[in-house]
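Trainee: Chains A and C, in that order, give the protein sequences.
Each position in the first sequence, counted from 1, maps to that position plus 1 in this note's numbering.
Each position in the second sequence, counted from 1, maps to that position plus 1 in this note's numbering.
Take the hints with a grain of salt, since some may be wrong.
[To be verified] Computed, partial: chain C to chain A, Cβ under 8 angstroms:
{"id": "1", "residue": "Pro58"}
{"id": "2", "residue": "Ser66"}
{"id": "3", "residue": "Trp231"}
[Unchecked claim] Here chain C is said to cover these stretches of chain A; the calculated rule only asks that three of the stretch's residues, wherever they fall, bring their Cβ under 8 angstroms from a Cβ of chain C:
{"id": "4", "stretch": "85 to 97"}
{"id": "5", "stretch": "211 to 223"}
Calculated directly from the structure, the hints in this document are not laboratory data.
Quick reminder that beta carbons are idealized off the backbone N, C-alpha and C, glycines included.
There are 2 protein chains.
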Amino acid sequence: MLKSVLNKPPPAISYDKVESVGPLTIILLESGLELVPPEIRREPSVVKNARRRGKDPSRILLDISIHYHAARRLRDWVKRGRPDIVHTTLLQVLDGPAGRSGLVNVFVHTYQGLIVSFKAGVRIPRNYNRFVGLMEQLLSEGRVPPGKGEPLIKVEDYGLEDFARRNGLKGVVLLWERGEPKGLSTIVTEALENNYAIGIGGFQHSDFDEKTLQIATVKYSVYKESLPTWIVASRLITAFEVKLGLLSP
Amino acid sequence: MLKSVLNKPPPAISYDKVESVGPLTIILLESGLELVPPEIRREPSVVKNARRRGKDPSRILLDISIHYHAARRLRDWVKRGRPDIVHTTLLQVLDGPAGRSGLVNVFVHTYQGLIVSFKAGVRIPRNYNRFVGLMEQLLSEGRVPPGKGEPLIKVEDYGLEDFARRNGLKGVVLLWERGEPKGLSTIVTEALENNYAIGIGGFQHSDFDEKTLQIATVKYSVYKESLPTWIVASRLITAFEVKLGLLSP
Numbered sequence: 002m003l004k005s006v007l008n009k010p011p012p013a014i015s016y017d018k019v020e021s022v023g024p025l026t027i028i029l030l031e032s033g034l035e036l037v038p039p040e041i042r043r044e045p046s047v048v049k050n051a052r053r054r055g056k057d058p059s060r061i062l063l064d065i066s067i068h069y070h071a072a073r074r075l076r077d078w079v080k081r082g083r084p085d086i087v088h089t090t091l092l093q094v095l096d097g098p099a100g101r102s103g104l105v106n107v108f109v110h111t112y113q114g115l116i117v118s119f120k121a122g123v124r125i126p127r128n129y130n131r132f133v134g135l136m137e138q139l140l141s142e143g144r145v146p147p148g149k150g151e152p153l154i155k156v157e158d159y160g161l162e163d164f165a166r167r168n169g170l171k172g173v174v175l176l177w178e179r180g181e182p183k184g185l186s187t188i189v190t191e192a193l194e195n196n197y198a199i200g201i202g203g204f205q206h207s208d209f210d211e212k213t214l215q216i217a218t219v220k221y222s223v224y225k226e227s228l229p230t231w232i233v234a235s236r237l238i239t240a241f242e243v244k245l246g247l248l249s250p
Numbered sequence: 002m003l004k005s006v007l008n009k010p011p012p013a014i015s016y017d018k019v020e021s022v023g024p025l026t027i028i029l030l031e032s033g034l035e036l037v038p039p040e041i042r043r044e045p046s047v048v049k050n051a052r053r054r055g056k057d058p059s060r061i062l063l064d065i066s067i068h069y070h071a072a073r074r075l076r077d078w079v080k081r082g083r084p085d086i087v088h089t090t091l092l093q094v095l096d097g098p099a100g101r102s103g104l105v106n107v108f109v110h111t112y113q114g115l116i117v118s119f120k121a122g123v124r125i126p127r128n129y130n131r132f133v134g135l136m137e138q139l140l141s142e143g144r145v146p147p148g149k150g151e152p153l154i155k156v157e158d159y160g161l162e163d164f165a166r167r168n169g170l171k172g173v174v175l176l177w178e179r180g181e182p183k184g185l186s187t188i189v190t191e192a193l194e195n196n197y198a199i200g201i202g203g204f205q206h207s208d209f210d211e212k213t214l215q216i217a218t219v220k221y222s223v224y225k226e227s228l229p230t231w232i233v234a235s236r237l238i239t240a241f242e243v244k245l246g247l248l249s250p
């Protein structure tokens, strides 16, 4: 598993423009990423799936595509068990010109309230099943790789209410269907100039929790309808890469 | 499997701008999407994986993350066994505002030379393992869903040399590391105005085959280095969605 997290140093960048634009911080909020919770660990689909993979049911990810019937018994089940959303979105954020250059700081806040941080420039597995294994290690051990030394990915010891302060940020731009309509580069510019993170929902259905709405400094919308997390993230990152001069418009 | 391909009709769009801009055609070229080829069907990793899934080795997808040792014996192995590239890219192309509105025609040309077409507005499974099952059905049966009626996804009966002509296109803009540097919206505009498809490599390493380079009408580059297929596709589609007026810059 360790080999699949390649941590390449950011390449040197020759564009003057880049030097003057700070990194962009993205946080996926209330993401459907968690280990199977205790109340459904004895369900047949969970036990069978864990056994097949040679793991304990307490150390496998909840995945709606496998544990659908069991997961439906959970509170807010439509927001949970979607590690694929986190995976597809991280591939957009970390694998592009800005991510590769270490110019995107990314965090994943989970439905259960954990905050996961990724070292700038980290590469995550492109294969979904390998990503699942990596997240299982992360959520079981609290860090990847396990043991000592600087982690590439880790579970932080603070909650969402302390997220901005603990990361030297002044606030969070929340992207929300019911927010004020704004353009992509307008949002990116406002986030960079004010030292705000950009928050995007990391769940499939339903709405943000009241606690999440409370940490929003401003609330904007990029489209008339709800869009998948990976679409919102890639469209914003494109605007950021154009602003950096890494891509030409 | 059928239920996972939801074919919703394109929603009505109120933007006048959209009406005047035709659909954009994207083709992924030499993509690492194929059933396990005959020469490695008896390899232990293939047999074990097929048995575990209750399928015949001739009807499972080649996947480098599972069949690595066996796949390395294949010619051009670095270009093959990467269905994840096709999946992650299709999610960017089909799930965004333009894709949902039926304004992107997408094709997947495979390493083996097949051309796969997707009905405009089709939704593909977000879960990788479900996508793999769907592609196995497609490549075994030639279409999804199997049987009669209009297919949502199908293997076409023509090759790459006839692709443009058979789809009423005048040519192909090939995105290639060694092509002439161009901006994202410049490429999209040129493709739309000239009725060209945009071709993006659907493989991880190595270069295009000579036959693929020959069908290119023009060759452009969007970045100084090679980028993953899903990054190139999402950055271009963002430029297209801004041009359509579906997203604000």
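Trainee: All the hints need checking, so say for each whether the structure fits it.
Mentor: Evaluation of the provided hints:
{"no.": "1", "hint": "Pro58", "verdict": "violated (19 angstroms)"}
{"no.": "2", "hint": "Ser66", "verdict": "holds (4 angstroms)"}
{"no.": "3", "hint": "Trp231", "verdict": "holds (6 angstroms)"}
{"no.": "4", "hint": "85 to 97", "verdict": "holds (count 7)"}
{"no.": "5", "hint": "211 to 223", "verdict": "violated (count 1)"}
Hint compliance for this structure: hints 1 and 5 are broken, all remaining hints hold.
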